[in-house]
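Quick note, the sequences are listed as chains H and P, same order. So for the first sequence, this note's numbering puts the first residue at 20; every next one is plus one. So for the second sequence, this note's numbering puts the first residue at 461; every next one is plus one.
If you are wondering where the hints come from, they were derived from the structure by calculation, not from laboratory data. Please note that a few of the clues may not be correct.
Claimed, not checked - If we take Cβ atoms under 7 angstroms as the criterion, some of the chain H residues that face chain P in the derived model are:
# : residue
1 : Gly26
2 : Lys28
3 : Ala31
4 : Ile32
5 : Ala40
6 : Tyr182
7 : Pro184
8 : Tyr185
9 : Ala199
Every residue, glycine too, gets a C-beta built ideally from N, C-alpha and C.
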Amino acid sequence: MKALRAGRKTWAIIGIAFAFAIAASLLPDVPYQRWQLLDGTIHARARWIYERVHYDPTPIDVVFIGPSRVGAAVSAPRLSRRLAEAGLPSHVVNFSLPETGRDINATIFDEMLKRKQPKLVVIGVIEKPSRYGHAAFKYIAPAGDLARPPFFGSISYLPDLIYLPYRQMELFTARFMPSALGLSEQFDPRKYPGSAVETTGDVILPDGTVKNGTVPASAAELARGVAKLERGMTAPLLGPALADVEFGDERHYIRHIVAAARAHGVRVAFLALPYYTGPSSLQEDAFYRNSGPVWNAGFLASHAEWYGDYGHLTSTGAGVLTDWLVQPVSAELQGHP
Amino acid sequence: MLFNSFVFIFGFLPIAFVVTYALGRWRQAAAKLALTLLSLGFYTWWRPAHLPLLLGSILFNYFVGGIIQRARAEGRGRAVTAWVTFGVLADVALLGWFKYANFVVDNVNAVLGSHYELAHIALPLAISFFTFQKIAYLIDSARGEAKKMRFLDFALFAAFFPQLIAGPIVHYKEIVPQLGNRLWGRLISRNVMVGLVIFAIGLFKKTVIADTLSSYANPLFDAAGPGYHFNILSAWLAAVTFTLQLYFDFSGYSDMAIGLGRIFGVKLPLNFHSPLRAASIIDYWRRWHMTLQRFIVAYIFQPLALPLNRMAAQRGLTGWTAFAIAMGIPTFVTFVAVGVWHGAGWTFVTFGVMHAVYICVNEAWRERRKNLRRRLKKQKIVLADPGVGERAFYHILTLVAVVYGNVMFRAASVGDALSLWSGMSGLSGLGLSAPIPNAGWGLAVTILLGTSLIAFAPNTQQIMRRFDPAYNWKEWRDVAPSLLNWTWKPNAVGLIFAGLVLFLGIMFVQRGQAIFLYFNF
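Just chain H, same shape as in the assembly (with noise of 0.2 angstroms):
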């Protein structure tokens, strides 16, 4: 009787799934659909995004990237008409996306530099950077990316690898069946939001509902809002010597950024948006000075009236902020060669 030799079969199972996982993982994509795996929830700019870079010939002069309060603090259309007021005419763009997480900015800044020459990039920062990376890198960012350890400890490289067959599957399927998997193949200008898309104000949520932007948050909530936010908080657990593996998201990613940036010849700021009575001082305040100015709105953080939660800023208060940046951002364009 022959021996069944039980181990190695099963050793040979989960081998040869991991090897459907690999040969999964290399099937090709289609880049436009994958900018539209977001389409449905909060993330879904990212389509915009996609589009304004390729298929959009306006060009790019001052690009934001950040987290969501970049987005409600930043408006890019009422930033264009200022500068062109002082004598700058420049193309803004916001393409912030909420939620923290550097690797997306990373991303997002490598795509628009394959099309676009942007003279300045304005990456938003918060208190604390975070220790994961963001929730939806794994679903636009190349499979490359996604399979190489961006950098030793990184605690978001497993859980995004392991979405990659899985990813390449449905947009290689996506190829032949695209309105099955809900994904465009082609570009439709017809429901292209334009150039210069509003990220402040008003935010419409996947679900339908609108999340009003104009009106400043009660005092109640803001006092919640801040408790949640602080009890979440957590001071540096490894120390300064691995910073660079507790915090590596942020300083890899923001690394990259900056050598991206110049090897493009941009010139690259900082943007630092408080919380509602939150410090003006950042934990990572020295290593972002490394690469570029860092502008404080810290001025921010005392004016209940210019919040609409705890850490995003009303139209009004955006409309603050984006007149405060107009000095500073002019400075970096007229700076530009």
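With chain H's structure known, arrange chain P on it following the hints.
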């Protein structure tokens, strides 16, 4: 913790496997203790607040079961009866409080116009399953089928994580001897290989097929409500997609449970045996959620039917009167209990009543066929077996009855179910539009795949028949053979098949970890 989650597949399962078998090499008792604690951790992951309830249930039933076993050994029949009654009532009261108290108060208020108030009681995970398992243990103790055992064995029997959350509902005699015999800890590689393949098939059924179907069924059922009219296509799509989803979801879960049990050296009993291929509703219930059915039959139907049969015979009742008393009453009580077991709501009561009616009609039909056969036999005529057309009709009739019943099972209210039935019957229009986003080919392919697998393919245990895949496989190995006869072998084709279904099952977890439908019960 869900079986179809990365934290389970890549975290809990490898840890439990390594810890259990590493300790098992040293001492079997240490492995049992570790597996028991890990199982309790598995339960706690979902909602830690309910762990004391599970622990209390284990301790209480071990204690009461021990008393019953001692009383029985000493021949104290009245003490056995008293303790088993007490124990079962306590278990039922626990279940009743958590599962039905809100429902009862709401209905009392509705009927009497009263305003009794009861805070919302959160349903503890798996309470219906672990309570039934304990009730069976107490009754088995009273019947002499469960023997005294060490607490560790009982705790592992009661908490063993593969079957803890949604069954199969196991008996003492099925599990405890396996934990004690030498098989546990031997044939590890074979058990792991077979268990892994069964688990992979179950995971595939759940994540690839059932979750896909749920994305079509849910929007349709969610649309039901006042003023919404289903046309015939959308109503049938809702009913069919949910029926397929329910089957693949729960049978997939059961496969995973059986596979996981096997990985840890324990064979669990079957829970499904191609029920949607049944040609009668009686046969359907023999093959759908089999461990619940045998519990209900053994502990509710038979204790009711036997005395009622005796009473009907003693009173000389015949014909429909005897049928109503001996068959109708116990069937209705049993199936209303089945319905209510699934949840506190009028939809579940109605679901139970529907199936009671189906069963009674089926039994009456069988009785009629039997009488006809007998009459013809006297005339030396043999009643021919049903032909292909007649058999096909029975299959279709059974499926249609099941599908209508499942609409009631899934609907949020009886009104919603009636609205769907109206659509299915063509009373709300014959339109062919369906309000499902991105339907079309995806929907068609999924339904075609699901129905083809059900109609033609071997079920999981038939695929794994070479490896004695379940505790009671021998009882079922010749039942309902499939048209496509394929069995798994550990050759190149078999290994690629297993690797592929494991890969796809894990990959489709990414779409979101939908809970199992039976986690709600």
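Q.
Taking the earlier hints as the rules, which of them does this structure contradict?
A. Nothing - there is no hint that the structure violates, so all of them hold.
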